[in-house]
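Residue numbers (the working numbering), protein chains in the order written: chain A, 1 to 171; chain B, 1 to 521.
Since the hints were derived computationally from the structure, they do not count as laboratory data. A couple of the hints might just be wrong.
Straight-line Cα separation of at most 27 Å, DSS-like style, residue types lysine-lysine; simulated pairs [to be verified]:
| no. | chain 1 | residue 1 | chain 2 | residue 2 |
| --- | --- | --- | --- | --- |
| 1 | A | Lys13 | A | Lys35 |
| 2 | B | Lys19 | A | Lys80 |
| 3 | A | Lys13 | B | Lys20 |
| 4 | B | Lys20 | A | Lys80 |
| 5 | A | Lys151 | A | Lys162 |
| 6 | B | Lys119 | B | Lys183 |
| 7 | B | Lys87 | B | Lys64 |
| 8 | B | Lys169 | B | Lys136 |
| 9 | A | Lys75 | A | Lys16 |
| 10 | B | Lys37 | B | Lys20 |
| 11 | B | Lys136 | B | Lys118 |
| 12 | B | Lys19 | A | Lys13 |
| 13 | B | Lys27 | A | Lys80 |
| 14 | B | Lys19 | A | Lys75 |
| 15 | B | Lys147 | B | Lys136 |
| 16 | B | Lys119 | B | Lys165 |
| 17 | A | Lys59 | A | Lys69 |
| 18 | A | Lys132 | A | Lys75 |
These figures come from a predicted structure and were not determined experimentally.
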Amino acid sequence: MPATVRGGVELRKALKNFAPNLGKETQREIANALKPVVKEAKGFVIESPLSNWAREGGKFPVFNASIVKRGIGYKTTPSKPNRRGFTSLAQIRNMSAAGAIYETAGRRAPGTKPSSRPNFAEAMGPLYGSGKDRGRLIFRAFENDYGNATKAVLKAIDNAGKTFNATVGKR
Amino acid sequence: MANVVIDIATQYTGNPAFKKATNDAQKLEKSVAKLGKQLASVFAVSKLYAFGKASVKAFAEDEKAARSLALALANTGNAFAAVGVEKFIGDLQRATGVLDDNLRPAFRTLLTATGDVKKSQDGLALALDIAAGTGKDLGAVSMALAKAYGGQTTALSRLGAGLDKATLKTGDMDVILGQLTEKFQGQALAAAEGYSGSIAKLAVASQNAKEIIGKDLLDSMRMIAGQDGIGGAATAMESFATQIGNAIYGIGVLTTKIKSLPGADFIGRFLNAATQVSGLGALSKFGASSKAASAGTPAQSPGQRKAIDKANAEAIKVQKTKNSLTTIDNNNTARKITLTGDQLALAELEKKFNVERIGLYAALNESTDGETKMRLLSLIAIHDQNAALAGQIKKAEETTTALDAFKTAIINAIKALVAMANLELAKLQTQFGGTSGGYSAFNTNDPNAISGGMPGAIADSFGSTGAGSVAGWRAAEGFATTINYNINAQGIGDQQIAAVVQGAIQDLNRYGNSTTYAGAI
Chain A
1 MPATVRGGVE LRKALKNFAP NLGKETQREI ANALKPVVKE AKGFVIESPL
51 SNWAREGGKF PVFNASIVKR GIGYKTTPSK PNRRGFTSLA QIRNMSAAGA
101 IYETAGRRAP GTKPSSRPNF AEAMGPLYGS GKDRGRLIFR AFENDYGNAT
151 KAVLKAIDNA GKTFNATVGK R
Chain B
1 MANVVIDIAT QYTGNPAFKK ATNDAQKLEK SVAKLGKQLA SVFAVSKLYA
51 FGKASVKAFA EDEKAARSLA LALANTGNAF AAVGVEKFIG DLQRATGVLD
101 DNLRPAFRTL LTATGDVKKS QDGLALALDI AAGTGKDLGA VSMALAKAYG
151 GQTTALSRLG AGLDKATLKT GDMDVILGQL TEKFQGQALA AAEGYSGSIA
201 KLAVASQNAK EIIGKDLLDS MRMIAGQDGI GGAATAMESF ATQIGNAIYG
251 IGVLTTKIKS LPGADFIGRF LNAATQVSGL GALSKFGASS KAASAGTPAQ
301 SPGQRKAIDK ANAEAIKVQK TKNSLTTIDN NNTARKITLT GDQLALAELE
351 KKFNVERIGL YAALNESTDG ETKMRLLSLI AIHDQNAALA GQIKKAEETT
401 TALDAFKTAI INAIKALVAM ANLELAKLQT QFGGTSGGYS AFNTNDPNAI
451 SGGMPGAIAD SFGSTGAGSV AGWRAAEGFA TTINYNINAQ GIGDQQIAAV
501 VQGAIQDLNR YGNSTTYAGA I
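So here's chain A without its partners, still in its complex pose (with noise of 0.2 Å):
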């Protein structure tokens, strides 16, 4: 469950505005805060979790270690809002379709439909996390940062915007 900040896009747009070097160390920042999820998501990308996944050919995405890894990022600006109107200020990705196959399968309980095989599912290994936010690769590095990332993101904008207001705000 992300956590909900208020005037989040506001503060990025007015540091953009009147103090970019603060909105810049603001980003750097947060990305410190998401790096080492992400560096942990891309150490447990093996190189094959199904052996005939990795072969070429048919309509099914291959899976490739390495685009899996180039695959998994992070983001530091406000995305599109979703349909419930949220607009995500920090973001753990997994962009490829291998990855994201990875990520995801045997979510559903296995046998029903349209759930995968339970074979093909349980061949990869368990999923980690709780909920809908299970996963093999983001989601069990941010099981294991035990929060930490988000803290720091919303220490970082936090102090952002103190700073923001004790420096521009007073002009």
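Mind docking chain B on chain A? Use the hints.
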């Protein structure tokens, strides 16, 4: 494919679905409004078309009645009175609120019967009163009166005017008219007063407006048809009526006229606002100016027209030439400004790398003397052709000169003061008997007044044999000083001295000054 992401921090920025719904609703609203406007315009065009047709019809009928009346006047030998009659009918129409469409036939009937304009006018006025009083149709009343003029009083008796048979039998129109006048005088005007009268007047104005617009429409149509005349008037009218622009011209006139009606200000304001916010205002103005122009120059010969066109073309040509010259002038000015700026920049750059100038500045930086600095600055100013700096240097030089003059004046003043002091000193020496300066005056008075110590040394230093050296001064510091007071009190006894001392003590006591020191008994 849904992206696999972990949102670390999120913010609620609004539901896009709601935004989309709002946008869609706004778009729908705009579309509906647009459709409404289109429908309104379609209906407006339809109304305008109907109005145009009615206007043309009204004007045609009015013109027909006017022609008929004019013919009747001509036939009765009263053609000269045509204008006066038209004015009379117009005034009567405005005063009574009865349409000229009714007044003209009634007047014509009376004129045919009487053959006299004056009698017809009186008869028409009376007919209006009777019609207003009895509620009968003006045409019927005027016909009855006309018949009465011809000796047939039956119709007059049937009007319900209350004329007795004896009077009618006489056939004397003066008597009959007198009786009728007594009974119905002022009825028409009274009827024209109240609300019904106002409505009637409004109807009259509306009808007049229709007629005027109809006339303009027909004129416009004739104009469109060209020199060959209307030719196929019905078709031309139909096609013309569909042309919105020309019909709007009529609306503009209607607005103006309705505004002038009593109690119809709001209609006028509404239509005026409508014409102002749309293109109708501009079209109306254009139509009015066109009308004025066509009315003002009806009799131009082709030669005159050609001359006017030529003059206009010449004027346009001259204006165009002027404009092009102005443009060239402006361009040149802009180019000149740019070049001046560039030249200045170049000169500044040149200055920076001028060896002589660099040397002058170096000398200026190293010099400490003010005069040298000033001279160097002057050279720099001359080198740079810098008038501003030269002016500053000149001012500085002027300031220096003024300071010198001030210094000289002060020295002169001090010298004058010293001379004056010497003069005063000489006067004093003369007064005290001395002939020269120094201590001699005191010395001759009493050479033994001060002796020994520092005073002695000072006294010796002024003397011709004194030891006025440093060593002598230092030696004198070690000696005691003896001061002798010699009082020349010749002729003054003890008593006088005692009296003087006593008096002094008394004065001191009187003034409150103590003669004893603090703590003395």
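Hints and how they fare:
The straight-line distance between the Cα atoms of A/Lys13 and A/Lys35 is roughly 23 Å, inside the 27 Å bound, and the hint therefore holds. Under the criterion of a C-alpha separation no larger than 27 Å, the hint pairing B/Lys19 with A/Lys80 is consistent with the structure, at around 13 Å. The hinted pair formed by A/Lys13 and B/Lys20 meets the criterion: a straight-line CA distance of about 24 Å does not exceed 27 Å. Distance check on the hinted pair: B/Lys20 and A/Lys80 sit about 14 Å apart at the alpha-carbon level, within 27 Å; holds.
Of the pairs offered as hints, the one joining A/Lys151 and A/Lys162 holds, with about 16 Å between alpha carbons and a cut-off of 27 Å not exceeded. For the given pair, B/Lys119 sits about 19 Å from B/Lys183 by alpha-carbon distance, which is consistent with the 27 Å threshold. Distance check on the hinted pair: B/Lys87 and B/Lys64 sit about 17 Å apart at the alpha-carbon level, within 27 Å; holds. For the hint linking B/Lys169 to B/Lys136, the alpha-carbon distance of about 22 Å falls within 27 Å, and the restraint holds.
Taken as a hint, the A/Lys75 and A/Lys16 pair is honoured in the structure, with Cα atoms around 17 Å apart against an allowance of 27 Å. Pair hint B/Lys37 plus B/Lys20 holds up; C-alpha atoms about 25 Å apart against a cutoff of 27 Å. Simply put, B/Lys136 and B/Lys118 have alpha-carbon atoms about 23 Å apart, close enough for the 27 Å limit, and the pair holds. Under the criterion of a C-alpha separation no larger than 27 Å, the hint pairing B/Lys19 with A/Lys13 is consistent with the structure, at around 21 Å.
Distance hint between B/Lys27 and A/Lys80 is fulfilled; the C-alpha atoms sit about 23 Å from each other, no more than 27 Å. With a C-alpha separation of about 26 Å, the suggested pair B/Lys19 and A/Lys75 falls inside the 27 Å cut-off, and the hint holds. Proposed proximity of B/Lys147 and B/Lys136 is supported: the alpha carbons are some 16 Å apart, at most 27 Å. For the hint pairing B/Lys119 with B/Lys165, the CA-to-CA distance comes to about 23 Å; that is within 27 Å, so the pair holds.
Annotation: proposed proximity of A/Lys59 to A/Lys69 holds, straight-line Cα distance about 21 Å (limit 27 Å). A distance of roughly 21 Å separates the Cα atoms of A/Lys132 and A/Lys75; the hinted pair therefore holds under the 27 Å criterion.
The structure is consistent with each of the numbered hints, conforming to all of them.
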